[in-house]
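Undergrad: Each chain, letter by letter, is given below.
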Amino acid sequence: MTDDPFVLAGQTLPSRLILGTGGVPSLDVLARAITASGTALVTVALRRVEASTGGALADVLERCGVRLLPNTAGCFTAREAVRTAKLAREAFETDWVKLEVIGDERTLLPDPVELLDAAEQLVADGFQVLPYTNDDPITARRLADAGCAAVMPLGSPIGSGLGIRNPHNISLIRETVDVPVILDAGLGTASDAALAMELGCDGVLLASAVTRARDPERMALAMRHAVDAGRLAFGAGRIERRWHAQASTQDAGLAAL
Amino acid sequence: MTLTVNGEAVEVASPVTVADLVAARTDQRRIAVARNGEVVPRSAWAATALTEGDEVEILAAVAGG
Numbered sequence: 001m002t003d004d005p006f007v008l009a010g011q012t013l014p015s016r017l018i019l020g021t022g023g024v025p026s027l028d029v030l031a032r033a034i035t036a037s038g039t040a041l042v043t044v045a046l047r048r049v050e051a052s053t054g055g056a057l058a059d060v061l062e063r064c065g066v067r068l069l070p071n072t073a074g075c076f077t078a079r080e081a082v083r084t085a086k087l088a089r090e091a092f093e094t095d096w097v098k099l100e101v102i103g104d105e106r107t108l109l110p111d112p113v114e115l116l117d118a119a120e121q122l123v124a125d126g127f128q129v130l131p132y133t134n135d136d137p138i139t140a141r142r143l144a145d146a147g148c149a150a151v152m153p154l155g156s157p158i159g160s161g162l163g164i165r166n167p168h169n170i171s172l173i174r175e176t177v178d179v180p181v182i183l184d185a186g187l188g189t190a191s192d193a194a195l196a197m198e199l200g201c202d203g204v205l206l207a208s209a210v211t212r213a214r215d216p217e218r219m220a221l222a223m224r225h226a227v228d229a230g231r232l233a234f235g236a237g238r239i240e241r242r243w244h245a246q247a248s249t250q251d252a253g254l255a256a257l
Numbered sequence: 001m002t003l004t005v006n007g008e009a010v011e012v013a014s015p016v017t018v019a020d021l022v023a024a025r026t027d028q029r030r031i032a033v034a035r036n037g038e039v040v041p042r043s044a045w046a047a048t049a050l051t052e053g054d055e056v057e058i059l060a061a062v063a064g065g
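Chains as they are written, first to last, in this note's numbering: chain A, 1 to 257; chain B, 1 to 65.
If we strip away everything but chain A, and leave its shape as in the complex, we get (with noise of 0.2 Å):
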């Protein structure tokens, strides 16, 4: 919508669905996906480069025209995470991050202090953090009043497809950040989408919802749709919940039958 442009630190991007790369089946589907997601923001990491794709991954994301949003994936303390980054910006020369730090294999939930941490060392940096962090509206403000770019609080596990655990505390943040708030993690098909978008989110970020799909490029077109769509009624506001029925269709002039 031309009237609703979604503002991440300082860019406008034309999309509200940011997509993750982990778990492609292969770089073509990637591609695919993408195009049908209309994304202009994915995330990439790093690894030593006797495990990366030769370039190959860098290529297809450069053809597609997307920026890139290097992520701090497999970092479970403020030290490591925030060199992480640091090399990110070397190798894809965005200062953007998305700032993962992991407190626990099993559960993969951010580690609140050490990321807290190494969110003030990278602003400092001047650094564009978006945090990926616990549904806790009180982490998130600490975060934002960090200098953070956005915050992106989970709605279940990584990779977990549950959804939204704990909606409330999604629509706590959103009321109490200034900042744009990302629904990251855990979703698991459309309409958990929609549900963060109804919600006030400002923007989605998922992976393994369309990577893990049976038809990747047909979820990410959903995806799409369903970012739109729940952005919309967020928009448009949705009834009251009531607890009986009220007609749509009036009383009067009712025959006598």
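Any given hint could turn out to be false.
Straight-line alpha carbon distances no greater than 20 Å define the calculated EDC-like cross-link-like pairs of lysine to aspartate or glutamate that follow [unchecked claim]:
1. Lys86(A) <-> Asp117(A)
2. Lys86(A) <-> Glu55(B)
3. Lys86(A) <-> Asp125(A)
4. Lys86(A) <-> Glu38(B)
5. Lys86(A) <-> Asp136(A)
6. Lys86(A) <-> Glu114(A)
Chain A stretches covered by chain B per the calculated footprint, using a threshold of three residues with CB under 8 Å from any CB of chain B [claimed, not checked]:
7. 15-22
8. 47-53
9. 189-195
Rather than coming from a laboratory, the hints here were simulated on the basis of the structure.
Backbone N, C-alpha and C define an ideal beta-carbon position, used for all residues, glycine too.
Model the placement of chain B on the given structure of chain A, informed by the hints.
TA: Leaving out everything else, chain B in the frame of chain A:
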């Protein structure tokens, strides 16, 4: 001299710079290098000589969340 490159011990003839090491490993453009945990900016690769025992990480893009 012996370096550790991406976690493996490597014998190299001295002198060797970060630029030499990267060129021997990959022709990818989007590369980042850490030497003993600190980022070596691309602009400094050619002037950064490695020394015995240095730990070097040479990193590139992979798909990720």
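Undergrad: Against the earlier hints, flag every one the structure doesn't satisfy and list their numbers going up.
TA: Hints 5 and 9 not satisfied by this model.
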